Amino acid sequence: MENITVKVNGVEISVPKGTTVLEAAHNAGFEIPTLCYMKEINEIGACRICVTEVNEGRGFRLVAGCVYPCSPNMEILTNSPKVIESRKKTLELILSTHDRKCLSCVRSGNCELQKLCKDYGVEDAGKYDGVNEHYEIDDTAAHMYRDNNKCILCRRCVAVCSKTQGIGVIGANERGFKTFIGSAFNMGLGETSCVSCGQCIAVCPVGAIAEKDYTKQVMAAIADPEKTVIVQTAPAVRAGLGEAFGLPIGTNVEGKMVAALRRLGFDKVFDTDFAADLTIMEEANEFVERVQNGGTLPMITSCSPGWIKFCEHYYPDLLDHLSSCKSPQQMFGATAKTYWAEKMGIDPKNIVMVSIMPCTAKKFEIGRPDQNAAGVPDVDFALTTRELGRMIERAGINFLGLEDEKFDDPLGISTGAAVIFGATGGVMEAALRTAYNTLTGKTLVDIPQVRGTEGIKEFAVDELNVKVKVASGLSNARQILDDIRAGKCNAQFIEIMACPGGCVNGGGQPQVPMGIRNFTDIRAERAKVLYNLDKEMPIRQSHENPAIQELYKTYFEKPGSHKAHEVLHTTYVKRKINEV
Amino acid sequence: MMGSGGLIVMDEDNCMVDIAKFFLEFTVDESCGKCTPCRIGTKRMWEILDRITKGKGTVEDLDKLEELAYHVKGNSLCGLGQTAPNPVLSTLRCFRDEYLAHVVDKKCPAGVCKDLLSFEIEKDKCFGCGMCAKQCPAEAITVTDYTAPGKKKPAYSIDKNKCVKCGACIATCKFKAIIKK
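Top to bottom, those sequences are chains E and A. Residues 214 to 793 in the numbering used here are what the first sequence spells out, letter by letter. Residues 7 to 187 in the numbering used here are what the second sequence spells out, letter by letter.
These are computed hints drawn from the structure, not numbers from a lab. In this text the structure is predicted, and so the values were computed from the model without any measurement. It is possible that part of the hints are untrue.
[As the list claims (entries may be wrong)] Computed footprint of chain A on chain E; a stretch qualifies when at least three of its residues, placed anywhere within it, have a C-beta under 8 Å from a C-beta of chain A:
(1) 255-265
(2) 303-311
(3) 341-347
(4) 375-388
[As the list claims (entries may be wrong)] Sample of chain E residues with no beta-carbon within 12 Å of chain A, all distances over it, derived:
(5) Leu-275
(6) Ala-277
(7) Glu-298
(8) Ile-350
(9) Glu-555
(10) Pro-759
(11) Glu-770
Backbone N, C-alpha and C fix where the C-beta goes; we use that ideal spot for every residue, glycine too.
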């Protein structure tokens, strides 16, 4: 591609034609602040925080650096007094409509607006105070609330919902100064066909959208001597939790996390990975049965509750394609409150099952029908990675100073196949490992074709005569589902995860400032943690997990047995668009 | 002044602060709400102008208004926001004295800004016909016990607390006995 030369703050640099001012400045070592900009997702130049002075031969003028393309010999000033003053004034204007309740805000210390105000020396937050609209908090959804009094109208949530996820249940209502983000006709989010993926929370720069916090209830349960409080942690949590404590993106904190959970007072610290292995046993069996008995194909995985809700709302005619397996979170809860409760002689009513998930849709999932194998809900509380981070801080645990500890037995025993469930392609790879070994007797553990962050991946296992597809991000899922509807899908087994890149990039993971996300693929960095863990595991195939073998021997008999169906499988609901 | 290319002829009865507010109200309404400077900036400018026309403006408000106007002009995304402050900037440039009269003297020289006006009946000119009192929608005009020399009927006066400054009395008075200040 043709290169052009530009000068950023006097530093000459050569960039490909079409490079934006923001990217050129980044390459030259100068960061331009942004609030609305999300690379390839929200390039609308709306917030005007990124204004930069450029001279294209006609004198310096202000342009939006995030979207303005470089021209040959352009001079760029990213931090001239005029630029700094403009950004400061825009911040002051934003603050005049913001509720400025930083002290009681969930994002305090991790807020992009707060940081910019500090960086740009905003002395008087109330300089342009005037009359503002007051908005009621929308807490109708199961997983989150929206407080528009904090919203800065950057529209990242709108873009991620409609572009990345292809759902678009939120948008800008009204116009001008009265603009606010909400659903059509100002419906509560809980009344729409929001799938609870939480991607909007993950990209919100401020505290306008956040997950519903259940840390208080969990702490109360822990303090209750009558209750046995057990916890399970999803694979992706260990790849993201460190970020809440300032560790670099892509740091494995499995050992520290287990230690912290024990110090928080959980009676047993288990691993959702155990249930991931169990999922593979059930799902692989279901797939083989469908192939042999002429069941509905392609079969689609059912681990991601955001994806399930999406399918129920938007493709209810394709629900038969979904595997009937519960998600690992629910399988874990069901197994713990039946098998483990029996084994330990504890009444399931006295077990409080807490899950730590990178996901907000799990909060919706625990309240679904047909998710109570022992007559009580399989899972009582689903916390996000962020909530766990807050709990650890609140308890005064020196997370970074903790020595690594191991999960408890037996529901903490897992394999390499389970830990990669947290990344897109991981469930497929795990399933293929077991299927390949069962059908051919040979071992296939590394399947790079299904790894990586592309939206849709395809792989043909010639020896099994099986074609598989993997999709992450619901707009990618739509393409595959449309193909199935049209009868054009040639795959037999499909993995779909609601969040782009899989659970590692889930809506419950610690928020990463967009200034970093725009230049780092956090999906890939966090997934690396999981693949490295897999590589180091002594056992890398689910069916070889000794705890799983023991479970089937003593309790479920075999995958797909009557008992397994009662405990580990579920049903789905046909929903309509914008009807709950 | 506005981007339409139209020409508006105005005389000393037009208050330039009020004109700036009028044009800005239009752009506040028309703003789509996408970019920050236009969405919030024009609204805050309008609020400052509103304060000034109500006699609640300060000299600092003028500086703040000018600063904001240049900010919105230079930072907005589209032509609407980039030209919205023009009426404010050009009136500030050409008619600063009118702004100062509003802010410092709390007077509207053109007699437009109602909050800065008061209506009064000049007792010695009043013939006591009572037409103004009949027209007054607020029943603010009542008869007094003073009769001016050479007049047959007692004069009327306006209760400033009741007056809504509609101007109906001035329009009715044949003797030009009512003035606004």
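Against the structure, the hints come out as follows:
no.	hint	in the structure
1	255-265	holds (count 7)
2	303-311	holds (count 5)
3	341-347	holds (count 3)
4	375-388	holds (count 3)
5	Leu-275	violated (5 Å)
6	Ala-277	violated (7 Å)
7	Glu-298	violated (8 Å)
8	Ile-350	holds (21 Å)
9	Glu-555	holds (59 Å)
10	Pro-759	holds (59 Å)
11	Glu-770	holds (61 Å)
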